[in-house]
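Please model the complete structure; the sequences and the hints are all you need to start from.
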Amino acid sequence: MSARNRLSRWLWLANHKDAGAAYLVLAAAMFLVGSSLSLVIRSELFAPGIQVVDPAVYNQLVTLHGLIMIFGGIMAAFVGFANMMLPAMLGAPGLWAKRASGPVFWMLPVAFALLLVTPFIGGAPQTGWTMYPPLIMQTGPALPVFIGAVCLTTVSGFASSANILATIVRCRAPGMAMLRMPLFAWTWVVTAFLIMAVMPVLAGTMLMLGADRFLGTGFFGGPDGSALLYQHLFWTFGHPEVYIMVLPAFGLVSTIIPSFARKRLFGYSSMVYATLSIGLLSFIVWSHHMFTTGQPLAAELFFMFSTMIISVPTGVKVFNWVATMWRGAMTFEAPMLFATAFVVMFMIGGFSGLMSSLAPVDFQYHDTYFVVAHFHYVLVPGSIFSMVAALYYWMPKWTGVMYSEALARIHFWWSMVTINLLFFPMHFLGLAGMPRRIADYTTQFTDFNQVISIAAGAFFAGQLIFVFNMARSLARRGPAAPARPWEGARGLEWTLASPWPRETFATPPRIAPEELAKPD
Amino acid sequence: MSVSAGRWFALAVLAVCAPAHADWQMNLSPGATAMTRQVWDLHTAMLVICALTAGGVVAVMAWSIVRHRKSRGARPADFHESIGIEIAWTVLPFLVLAAIAIPAASTLVTLYDTDNADVTIQVTGHQWLWEYRYPEAGVHFYSRLADSSRAAELGIDGAAPDQLAHYLRDVDKPLVVPVHAKIKLEITSADVIHSWWVPALGGKKDAIPGRVNKKWFRADTVGTYRGQCAELCGRGHAFMPIVVKVVSKADYLAWLQQQGGQGPAAADLPDAPADFDALARRDTLNREQAMTLGKHVYKTLCAACHQRDGAGLDAAGYPALTGSDVATGPIAEHIRQVIYGKNAMPAFGGQLSNAEIAAVVTYERNALGNSVGDQATTADVEGQR
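For the record, the sequence lines run as chains Y and S.
Per the working numbering: the first sequence ends with 520, consecutive numbering throughout.
Per the working numbering: the second sequence ends with 1385, consecutive numbering throughout.
Hints may contain errors.
If you only want the chain Y side, here are some residues facing chain S, beta carbon under 7 Å, derived [what the hints assert, rightly or not]:
#1 V53
#2 G66
#3 L135
#4 A227
#5 R262
#6 K263
#7 M308
#8 M347
#9 F351
#10 L358
#11 P360
Hints were generated in silico from the structure; no laboratory data involved.
The C-beta atom is built at its ideal place from N, Cα and C for all residues, glycine as well.
Pasting the structure below:
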């Protein structure tokens, strides 16, 4: 392949596998950057007193850690899995708009480069990822760069979701009816819809911040402005965003558990309806992030009740996964280990979320480490474990070789122990009264913080085993993988050879009923 | 990994690390007010519901993981849906949630009722200190991080955090409030958003520029309670603690005076609430107990017709008690009328204890503008039954 062709291949990313790989590599890099930032945070929090970074820098690290992990890590990775797998799972040759992938993707590295430059051009906002005014207005010359970077990610997210949604709706092979397709595709239908609904809200809100700064408007400050208006707009984006970061994980786990239980997914239809209702409900719960802002009583009650209700469809999903395992014939290769851990630990995160839905109690939990524990349980052993499971699951298909199961087991157990030492004690700290986003704390909180910091380092180090295992596969070292390395795996992607060819399903496949997620 | 397993891991590691501070806390504290105890009950109820549900799900899953393994010769079953069970596990959680939503809503309603406060304090958040103003008393001051904490943070003259009892939780001038009084805070900010939070006195409330948020608490124990700003407010966010000293009524009035403030009359601040149920069961009452219990009974039952001040309501035919023949005449007749009623007045003998009747009679003869001086005893009441 000539250099020119190679350039054009990686510029346009017209092949969905190239696009998927590009997103996954970017996500891996951003996970590395984002978690490195968290290691600096954990070093500072190892002991009371200021030792490692100035509180002003600490606050910037908090902001960048959140944004990089959310937009650069989790969202990019899920878009990567969608690009990589959905065409193959649906029997399509590629995405609906093939050449859109490249330009849409390349906005992201630019955006994250800009984001990471802000500390060096006057400082990133010291606000955390929520970017609340008036505090964000105290950001220096980096503010427009920062706003631009966030807006770029929203444009990219909107466009990639549109492409994914169009692919699912328009490009399925004959016989792959919507209500027979893999649940990962269904969760992406709802995720894409949510992204397309809320990315413009975030972009608009960021532009309003910019206008307040540079055009003299007073949306969020001044005599007629309202700092609370910003919070309402932000969480109109921000709460659906929470589900954007977990729905694809539900899809991945719903694909993996049946494979290793050698049994069809229990309650396929109720899974679809639960996904749809979570998607809809996610638009009417935003204000539970604002229970302490002094909203009127009626608003508090409404958002408390709507938030409690959202746990019902989420519970249905957990029950369905357990019922899928029930009376299966299970084996526990690495994808299943991580998928099982996902169910249990996502549930812990879900329950602490349900506890926080009680407004009068949330007055105590809000803005403490209890909440930090809550969303890290949902996002790390939740979303990120589902991705780890999916990588172990599909890597043999991509590379044609099997990863080392022995190393994968060590990786799993190491991660299980360290991640709970990392995040579980945060519940105690929060309940004992430690606020989040503080660079220094009173001596009473020292012990748990030390456990957490050590566990953070240990968890991070353990991921090197994973990186090594995957790198080994990517270097094509290891035993050859059969076309269907998992005995119980169904789906069109397993009808392809391992490694899969560069072009697949150029002509629509004939679909055998047993490859459908719901054959009847 | 179950919840308790995570906890045990944490404990095991702590045991190895030989904790430097043995007083660590793992759960929400019940706090120092009736409302924080109510919130603690809700927290505990929800925690138990969640733990039981999680335990149930994990138990079923664990059973399945152990028994339904291919290596044990398990063959996959063919079922993949069940309308009945799917409806059940949708409806049941809904009912459980409804059951907890009701007390939660009622607690919330009470927390939102900031009316009838005894003391109002205006709280203003600044980067990075708190400003307190007592508009009724004319007291005003700023509350900053204590110098000792600042020195320890910066390591001045070898100062270190562990040498302090309350590193970052100590201020130069604490907020001072009277015990048992309903304290209303009107919270706002002068710059960015802050959040006022003292866990033992209740949840946090945001201080938002251009907006006044209200919050109330009623501490039932004298003591010093500590908290800090809970909303990221810039570089000094970790360094704007809140210390509230809850003191006796007398100490509070003395403190106001010392601050150059104009205190309220001591009678305007409430005393410790009496345990009326215990008083009502007593065989004998001293004068003070009789007046306390009598006032309570009068306010709950008698004031509806005879009015709070005892003036009655002529238009409705409800006689005044102030200077009335019954309330200033022979005490036996007074007691008899409360027990058996008269005309429109119902008989209270059935619903009130001897102590309560004796108390309310004593109260009516020595308050509401009357000062007969005598006192009914429980034996007097028993004698007329």
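Return the status of the interface hint for L135(Y): holds when the least beta-carbon distance to chain S is below 7 Å, violated otherwise.
Since chain S brings a Cβ to about 4 Å from L135(Y), closer than 7 Å, the hint holds.
If you take the shortest Cβ to Cβ gap from R262(Y) to chain S, is it below 7 Å?
Holds, about 4 Å.
Evaluation of the interface hint that places V53(Y) against chain S, nearest CB under 7 Å:
Cβ of V53(Y) sits 11 Å from chain S, so the hint is violated.
Minimum beta-carbon distance criterion (7 Å), M347(Y) to chain S:
6 Å, holds
Taking the closest Cβ pair, is L358(Y) under 7 Å from chain S?
Holds, about 5 Å.
Answer holds if the nearest beta-carbon of chain S is closer than 7 Å to that of P360(Y); otherwise answer violated.
It holds, given that the least Cβ distance between P360(Y) and chain S is near 4 Å, below 7 Å.
Can we keep the A227(Y) interface hint, with Cβ of chain S closer than 7 Å?
6 Å, holds
Checking hints one by one. Is G66(Y) an interface residue toward chain S, by the C-beta closer than 7 Å rule?
With Cβ-Cβ at 11 Å, over 7 Å, it is violated.
Should the hint that M308(Y) touches chain S count as held when the rule is a Cβ pair under 7 Å?
5 Å, holds
A closest beta-carbon separation below 7 Å is what the hint needs, so does K263(Y) meet it against chain S?
The hint holds - K263(Y) has a Cβ within 7 Å of chain S, the shortest such distance being about 4 Å.
Proposed interface contact between F351(Y) and chain S, which counts if any beta carbon pair is under 7 Å:
This hint holds: F351(Y) lies near chain S, its Cβ roughly 4 Å from the closest one there, short of 7 Å.
Consistency note: the structure conflicts with the earlier hints numbered 1, 2.
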